[in-house]
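**Student:** Here is what each chain is made of, one letter per residue.
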Amino acid sequence: MPTLTEPSIGAPPPIVPSPPRGYGGGDHNDNTGDSKAAASATTVRIAVYIGMCASTMTFAALASAMVVRRGLNPMDWHKLPVPPLLWWNTAALVLSSVVLAMAGRAFRAGLRPRLRILWFTGTALGTWFLIGQAINWKFLADQGFYLRENPASAFFYVLTWAHAAHVIGAIAGLYYVTWCLLARPFAPLNRNVLEVSVIFWHFLDVMWLFLMAIFAFWS
Amino acid sequence: MEATTLIARPSLLRRIFSTDHRTIARQYFFLSLFAVVVGVCLSLLMRFHLVWPREKVAWFEAIWSVRAEGGIMTEELYLSLMTLHGTIMVFFVLTLAPLNAFANLVLPEQLGGKEMAFPRMNMLSFWITVASFLTLLSACVFDEGGPIAGWTAYPPLSAVGAVSGPGEGLGQTLWFVSIGIFCIASLLSAMNIISTVIECRRPGMSLMQMPLTSWNWFVTSILSVLSFPVLLAAGLLILLDRLAGTSFFVPGDLLIAEQHSPHAGGSPLLWQHLFWFFGHPEVYIAILPGMGIVSHIISNFSRRAPFSYRACVWAPVAIAFLGMLVWGHHMFISGISPYSAMTFSLITMSIGAPSAVLVLNWLGTAYQAVKLEFTTAMLFCMGFVSLFVTGGLTGLFLGQPEIDAYFHDTAFVVAHFHMIMGMAALFAVFAATFYWFPLMFGRMLDERLGKLHFYLTFIGAYALFLPMHFAGFAGNPRRYADFTNFDFFQAGMPLQRWITVTAFAMGAVQLIFIGNLFRSIFSGAKAGANPWNGPTLEWNADAEIADRGPYEYPDAGADAN
Amino acid sequence: MLLGLILLATVVAACLLILHPPVWFPVAITSAAVAYDRQFSWTLWVTGSLFIAAQLLLAWIVIRRRKSVTRPATSSGVRASLFAAVAMIAVEIALAAHGNGPLSHSEPKDAETIEVYAHQFAWNFRYPGADGVFGRVGTEFIADAAGNPVGIDPSDSRGNDDIVTPVLRIPAGRDVRLLLHSRDVIHDFFVRELRTKQDIVPGMVIPLDIHADRIGQYEIACAELCGLGHNQMHSILVVMPGEEYDRWKLQH
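Protein chains in written order, with the working numbering: chain H, 1 to 219; chain L, 1 to 561; chain A, 1 to 252.
By construction, these hints were calculated from the structure, which means they are not laboratory data.
Among these hints, one or two may not hold up.
[Claimed, not checked] Below, a sample of chain L positions facing chain A; criterion: calculated Cβ distance under 8 Å:
1. Phe-34
2. Glu-76
3. Ser-138
4. Phe-142
5. Gly-352
6. Val-389
7. Pro-467
8. Ala-491
Treat the numbers as computed from the prediction; the structure is a model and nothing was measured.
From the three backbone atoms N, C-alpha and C, an ideal C-beta is built for every residue, glycine too.
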């Protein structure tokens, strides 16, 4: 049983075991001074990676359901017309990912003005993606492709809605950082929210490219 | 000179929505305790009806009005009780108690830390679970008694709405919503556990120096992350079938209750694939934490390291990995090709190997014990080993497609999974409760009452479920509301009566545990810091054991393997 | 001690139950069912032996009350574990290989084809009649009350002689192919004496091949939860001598 002893004068201070590196205090290795973190950056990053795994499994399940369904009954698989903004949306999403990656680099280098411009641009492009998706859905509905009676469009809707739901979550993070940059231009940013948003945004970008490949092949 | 500060007692809201892992652990514990009591009561109602189907019980009508007219339980009431029983037990007892309740209790300390990686997300997970449970209960309130499609909810029965049966309207929809919410809660807590294991270990503690309980919670959480999203996806698709007129799972040309269904082109088998891709890992999610708990507690009360620490790490990993590849064995007679069936069968049989490794380790640890102490927790672990062997071996029948062709959907399957999930997994929860009760409430559970409860429950487990296998040998189909329409059931009615009576006795015996639990919470003997002389860090928070392995016992030569 | 005695008692009780079972399998009426029973026995022997061995070992360990020593024998735990894994796999592969794999069935020639129609909550069976050909069916023609439960198209002349009965009659000693249909939810065709069952999935027509050798009447049950009347779907499989079967078909 450990006992408490009073350190005698002149003795070296008692060794305090360092806390596990997962939480509290944050990461001391960032050299910007421009961040505060509730949980350590690596811990949050791991949580996001796990979330990405879970999300991937959901999309994999939906996509494999689509493949199976198409194989069962190729006769009633009516190919969809390509919505007008599909490729523009894709470009916007990819571009926003690139821009936000650059913004992340600017953040780590401590260049606040550069960060602001890049971040706003990236967020704007992301918002365009969402609006463009809504326009695409309206286009399909106007052309008569609903959920019912058409498995191809049903799967298109399901997969793009699932993707858009994730995008809305991620964009909330983007908007939060935007607000911080606007409302409190000189306060340190929550590093975790920023990095998590960017990582998750890249994931959604890649996921969208996969979905586009699947649609191109099978729809 | 010490400065004292006045710390205000946290507000009620702060205490209810606490982010402290121990509080959340207790909350999960009591939620699953409530759930298991409800689940057991449901099963007793079911057993009563099976042997006395025409018996009038006045208060049935008081509760269920339409579905129990004249005090006699209707078929749809029986099926809805059965659906609720399965759902509650699988999700709210066996997924919550072994994993969430005990991992939140001791995982941070076992790894040398103080809290989970994300305390607020932890609190959210619990309350989302509560929301899921309330939604499930509401499914029964808003539709005269709830859905009747079983916990497996196969379409088209579960996908076309109220036309396919009573309770299949709003009740079934709410059921799917409840399960969807549960998926989210599970994913959040799995994320938390994985992050804690990866990031919040004491510096110097490698993964191979973690206690086995931590390892099993880690592996189980990875399984959760890989399987719950698939259930979520399937639930989304079937809700669209129900509400938005899609036809993912419903084929065309159906005439249900004289109404032509508007659906076309879907596949009921697709649901089964998606559901069981989740469903089989789910049963491993139910048992793996228990295996870790048993390895840990047997080691503690044998006063030696596990027979082979590395085997006890890799066997659960193998079980988890293989467990993701065998979902088709629930579908052997569903209409899958014989080639698929053979593949699934071979992989299913191979899960016996890591299971045998674990049994060998449990027996070996106890056999080479430095000193065997038969506390209640240890007794429950011994019971676990016995029940796990029995339940696991009946799996060898079901894993062969030809043999399964007879036993599928009979009482044999019911006996199999009750033996291994209903009894063995529950024994692990009992063991964990007796072992970690001091950390939950600072007191000890009464050992004498505990041992009485153990012996009666252990005898009852075999008395109740061993004979049930014979109902399976006789080919009795499962999910039958009563046995009055077929001649071949009649020879087995004495057996059924035995099972019912034993079930009621078992239910009564559990009151000993409930009584012990609540009495000890308030007036149990106060526990010391380390009442079991446990070697791991949840008991030895201040000890300087930075680089030691988890199972080194100071009072005996340790045998790290 | 007490736990050890309970374990011993459990082993004894299990053996007694197997020797004097309260209920058991019904008679096997096909050669496939007889082969099934053989494989079941093998599996029972193997699992039974493992069960007895494990429970007895556990009982011995808890009874023997090991003495306290300061240094336990060095265990080569990993080696023993690997050995256990390999041994278990070997046993299971042997067991699986011994049985008839699911691939061993071949499609019978000249089988008597009979259609099985399941719906909530009754069985119907259709025979092709004298012309040997089934008439067209469609759900739009189904009228249970009017005596057309399987939905034979009245405009198709080939269906005029089709026989629809609520009871399944098959000839003994001949190959029979059942074609399973469902019009609403998943059902399952199960006759215990055949030692097999088959899910009936709406949207699919699933064949089930049987070759019954024993005359008699056997109960047909539904074995996949299909709604509130799941336990009411009762019918009879009548295995009759070949000539009697042919006469019956002619009379209808």
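**Student:** If a hint holds in the structure, say so; if it doesn't, say that too.
**Tutor:** Evaluation of the provided hints:
1. Checking L/Phe-34 against chain A: minimum C-beta separation of about 27 Å lies over 8 Å; hint violated.
2. The criterion of a C-beta within 8 Å of any C-beta in chain A is met by L/Glu-76, whose closest approach is roughly 4 Å, and the hint holds.
3. Of the supplied interface hints, the one on L/Ser-138 is violated, with its beta-carbon coming no nearer than about 21 Å to a beta-carbon of chain A, more than 8 Å.
4. Interface hint status for L/Phe-142: violated, as the beta-carbon distance to the closest one in chain A is roughly 18 Å, over 8 Å.
5. With its C-beta approaching chain A no nearer than about 5 Å, L/Gly-352 sits inside the 8 Å limit, and its interface hint holds.
6. Taking 8 Å as the C-beta cut-off, the interface hint given for L/Val-389 holds, the closest approach to chain A being about 4 Å.
7. Because the smallest distance between the Cβ of L/Pro-467 and any Cβ of chain A comes to about 7 Å, under 8 Å, the interface hint for this residue holds.
8. The restraint placing L/Ala-491 at the interface with chain A holds, with a minimum CB-CB distance near 5 Å, inside the 8 Å limit.
In terms of the numbered hints stated before, the structure departs from hints 1, 3, 4, listed from lowest to highest.
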